[in-house]
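Novice: Residues per chain are reported as follows:
There are 4 protein chains.
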Amino acid sequence: MLGSSRIRTDLAVESKEKFEKDHVEIEGVEISEDYREELELRTTVVKIVTDYGAKVMEKPKGTYVTMEAPGLIVPDMDYHREISEQLASHLQQLLKLKKNQSVLVVGLGNQNITPDSLGPKAVHNLKISRHIVREYGVTGMGEEEVHAVSSLVPGVMAQTGMETMEIIRGVVKETAPDVLIAIDALAARSMKRLNCTIQITDTGINPGSGVLNHREGLNKETLGIPVIGIGVPTVVDAATIVHDAIAHLLENLEDSEMEEFLGELITPKLHSMFVTPKDVDETVKMLSYTISEGINMALSGTNA
Amino acid sequence: MLGSSRIRTDLAVESKEKFEKDHVEIEGVEISEDYREELELRTTVVKIVTDYGAKVMEKPKGTYVTMEAPGLIVPDMDYHREISEQLASHLQQLLKLKKNQSVLVVGLGNQNITPDSLGPKAVHNLKISRHIVREYGVTGMGEEEVHAVSSLVPGVMAQTGMETMEIIRGVVKETAPDVLIAIDALAARSMKRLNCTIQITDTGINPGSGVLNHREGLNKETLGIPVIGIGVPTVVDAATIVHDAIAHLLENLEDSEMEEFLGELITPKLHSMFVTPKDVDETVKMLSYTISEGINMALSGTNA
Amino acid sequence: MLGSSRIRTDLAVESKEKFEKDHVEIEGVEISEDYREELELRTTVVKIVTDYGAKVMEKPKGTYVTMEAPGLIVPDMDYHREISEQLASHLQQLLKLKKNQSVLVVGLGNQNITPDSLGPKAVHNLKISRHIVREYGVTGMGEEEVHAVSSLVPGVMAQTGMETMEIIRGVVKETAPDVLIAIDALAARSMKRLNCTIQITDTGINPGSGVLNHREGLNKETLGIPVIGIGVPTVVDAATIVHDAIAHLLENLEDSEMEEFLGELITPKLHSMFVTPKDVDETVKMLSYTISEGINMALSGTNA
Amino acid sequence: MLGSSRIRTDLAVESKEKFEKDHVEIEGVEISEDYREELELRTTVVKIVTDYGAKVMEKPKGTYVTMEAPGLIVPDMDYHREISEQLASHLQQLLKLKKNQSVLVVGLGNQNITPDSLGPKAVHNLKISRHIVREYGVTGMGEEEVHAVSSLVPGVMAQTGMETMEIIRGVVKETAPDVLIAIDALAARSMKRLNCTIQITDTGINPGSGVLNHREGLNKETLGIPVIGIGVPTVVDAATIVHDAIAHLLENLEDSEMEEFLGELITPKLHSMFVTPKDVDETVKMLSYTISEGINMALSGTNA
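Residue numbers (this note's numbering), protein chains in the order written: chain A, -14 to 289; chain B, -14 to 289; chain C, -14 to 289; chain D, -14 to 289.
Next comes chain A alone, as it looks inside the complex (with noise of 0.2 Å):
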């Protein structure tokens, strides 16, 4: 598919549709599937375990865990619960936690804009331990395991002046946690995605993630400890919904057609605009909250 390569998406789960639907398969990529029927929760790995399916699926390699679930934009409390649990048992097989080991927990974007709002209203909801492990040792939370839990809101480079790695990097350097874990708002190739999945990956965030532009990625290679992203789609592209409208319409043209008629019709201007639903605000808020009680499940150990 031509221009399809020019629109970018976060998510694994979109770069593999687009491979079958032209019913290739990739070298150096896994996938496996699971559907929950009760919980209406389709659940994707994708593995790219070599450089070639790096290449091919512009993600670098690593383990990318999709769960799909529509029912997310129902403000059901139980319902969100249950996705919880889900969320915090893929996230302990990733994070790979030795016992008392300290992890950071950054929430990235702007809390002032609705849909780039995830990250930050997340980490508001987290149970922060770090400071009472450090004056009254492991047993002062009253458990017996316990997790060293910190947390950032670096804000965004229009805010600070500073872009988000270098805030990053100085606080990592300073306080030396085992592991990151970073929350970010995606940007979705596909409208029906929208606030109804989430994304965890060994990766990190990498370059061209998130709503706003992050500079270099937040990964093991710059920040030398393992970094696991968790992110959900909450906006498209503006450029992209035009896209899709006109590739639908123009399905029978020649590629090369095509993509004149696109180059001419998808100005600069709709990159700097976002398309989300009008119900983004509750949405944000339900989802934030389903994230953060992942997080803490999956660092207070019960869930494992």
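Read the hints as simulated data drawn from the structure, not as lab findings.
Hints may be right or wrong, so weigh each one.
Copies of the same chain are indistinguishable here, so a pair counts whether it falls within one copy or spans any two.
[To be verified] Keeping only pairs whose Cα atoms sit at most 27 Å apart, straight-line, the calculated DSS-like set for lysine-lysine is:
1) Lys112 <-> Lys84
2) Lys177 <-> Lys32
3) Lys32 <-> Lys81
4) Lys32 <-> Lys205
5) Lys177 <-> Lys263
6) Lys158 <-> Lys205
7) Lys112 <-> Lys254
8) Lys177 <-> Lys254
9) Lys112 <-> Lys270
Starting from the known structure of chain A, fit chains B, C and D onto it as the hints suggest.
Specialist: Structure of chains B, C and D alone, referenced to chain A:
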């Protein structure tokens, strides 16, 4: 005009443009324009004086002042203050306040969604005086002429379970203001007008206006007192940008053919999404300040 | 006790204590207590049944349920949920709702001042249904019995220029709910009750209650419908703690001597200040959730 | 002076007053005063120049500028702007910036608790330029001389699990600013100074300052770069007002007797509470604006 009747605009100046494009003059609609070069400010006054004009323009009879100032998206405090003064002057002409009258200012919209929070944010900056005037008399504010200013942020139906109209009607009956000013975020037809256009009208706020549905209009007919509407377009309907891209692509097709295409492509789902610029947070903060300062100036009598 | 009559309390349980201290039984006041050890929850029901009782207690006739649970200041989600259930049960007894009635829930206070934001915050977590019931009928929520729940955050006079009472009366007249629930932050007499006491009363919210002045009471007399008040003490009047410290110091003085001292020492300025714990932010967040969940349970009919 | 040493103050001008009361001149402390009648602005400059002076004043050596302006509690924009200009002028003298230097501005405190949110609120109004200077060079802002301004809101330990110092040290090492400005809400000794006093000092922010504990000082010794502290007292420790009331009552007692009384009466619990005016919301909003405008002026070079 095809299609355009399906895609709504809240701006009279955009209704006007449709006809100019077709070189049509509309009976019953008077238009005057003014351009102040030093402010890059284009002010258009559209007066709809006959029922015929209202029908063609798809807007109630009345006066619509539109201030277009591309500079509004730049955070220059002094520039914004000059626009506030222009706004104050137009507002005073439409308000026609007599000595010591009472004004209720209503901030419409959802304060938790950035592009819809313009009204609530603007209301938070207002100088409120009604309670002081009631306690200490018109000289209580230390000025000769004083209007009793009160304000209300009614919220949106999904949060309150009540129509905005019900809440405002109840408060208007109980507190009997002489005039209502309603501030709302609008949907624009064109991306180029986002966040740099202010519309002031003596027709109030009417159905289909704003990001969210306000079932009934806020106007003299429904509330029994004059209603001045102040609006700024902060979003474009997601369907609009798809429509425009395709219309541009297909401009050589016959109208009937295009209608067919558009009917298929613009799905109802698109209408539940909105498009907004990525820097909407900063911009809405500045704009709400500019509007509230304009109202403060208009009601303090220092800008007459 | 001298002086104590000058220092107000919003809690019936504190009025009661004054008399117990003096071993006085009050005619026209019925008191029952219950202690649930596993929840560390003490529930006191004070019924003021005669005018004499009302005069002595300085509170209107009616029922005052006070839940004291020191555990409320700990952020334990499961514990808070159990308290929500207890609250729901008391609320249902006082509400005496018939099938398919409508309830307006009002969050009093200033949402920008942490200890006064309990009401607005609690309202934000409510399940709002009135607009759905009106659109789709009582079966629209997918349950058999449904109350039409609406909500309002009226703001405070310094922000609106209107008395809270004017706004609520207007909205009640316009939307005609069957019963009103008003949530407010209260001033306590004793620091030990801050943020761990919930009072529920069928007498509404009455003058002098809350952090800010609500000129007239919200009750059946003023609004024409039953009013249930739910309050949590989040502040102590600054004058109170000075009074108490000095009364303790001077407890061997004669009453008339003490009165003289206190008159000099407790300046009016002290009454424009409030005292609140340094961790008020987290605590108010949890409490508002506990109260809103209690209301959600009471109105969904699942806790009957 | 008994007792007063136990009750802390963050204001050098209050330390000074203790000695004036006793008609004591302190060696190693230079004091100059200025009163501008048209602004009702009293400016006191306290210079602690010797170790002896530092010991007696219980403050580090350095310069402390205190601006006392009762008018600050009135929401008069023009007045606040004039105070901003005065602040800018003092700030420039303490900053001693050379051409094209970089400044990191840190807003200390908890943004969710109104009286502690002064620092974060002030930071939100700043003109941030570091990212633009880095991208487009010093001429990128369209001015000749440009300082690269960045900002950070580190949060508080209960939210982050990290000490404020750890976060700031990490970010300072990573981004290497030439100077740090730290804005904090302070605790005052006297209620009359609340919200109408601004202290600017080249000694940074030091232990015991502010509403919350900042374990280590932010100063040249700990951070390696000059630190300018800007503080406004927004709360009084609850223990202070009890202490003062009783000290006033007992002023004829011997010091040793009073100490005994006070030891019994001022419980540790009182120290976990704070006292703040009921109108703190509006006032903190205005003050944060005044401070940020002062910083903006100082760093833009237009007020030199």
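Novice: Using 27 Å as the alpha-carbon threshold, which applies to Lys177 and Lys263: within, between, both, or neither?
Specialist: Classified as both; 14 Å inside a copy, 21 Å across copies.
Novice: From the Cα coordinates, with 27 Å as the cut-off, is the pair Lys112 and Lys254 best called within, between, both, or neither?
Specialist: Answer is between; shortest inter-copy Cα gap is 25 Å, intra-copy 41 Å.
Novice: Tell me, please, which holds for Lys112 and Lys84 at an alpha-carbon limit of 27 Å: within, between, both or neither?
Specialist: within (18 Å within a copy, 41 Å between copies)
Novice: Checking Lys32 and Lys205: alpha-carbon separation at most 27 Å within a copy, between copies, both or neither?
Specialist: For Lys32 and Lys205, the Cα distance is within 27 Å only inside one copy (17 Å; across copies 49 Å).
Novice: Should Lys32 paired with Lys81 be assigned to within, between, both, or neither, using CA atoms and 27 Å as the limit?
Specialist: within (17 Å within a copy, 56 Å between copies)
Novice: Please sort Lys112 with Lys270 into within, between, both or neither, judging by C-alpha distance up to 27 Å.
Specialist: both (17 Å within a copy, 14 Å between copies)
Novice: Is it within, between, both, or neither for Lys177 and Lys254, if the alpha carbons may be no more than 27 Å apart?
Specialist: both (24 Å within a copy, 9 Å between copies)
Novice: Is it within, between, both, or neither for Lys177 and Lys32, if the alpha carbons may be no more than 27 Å apart?
Specialist: within (23 Å within a copy, 43 Å between copies)
Novice: Is it within, between, both or neither when you check Lys158 against Lys205 at 27 Å Cα-Cα?
Specialist: For Lys158 and Lys205, the Cα distance is within 27 Å both inside one copy (13 Å) and across copies (20 Å).
When each numbered hint is compared with the structure, no violation occurs for any of them.
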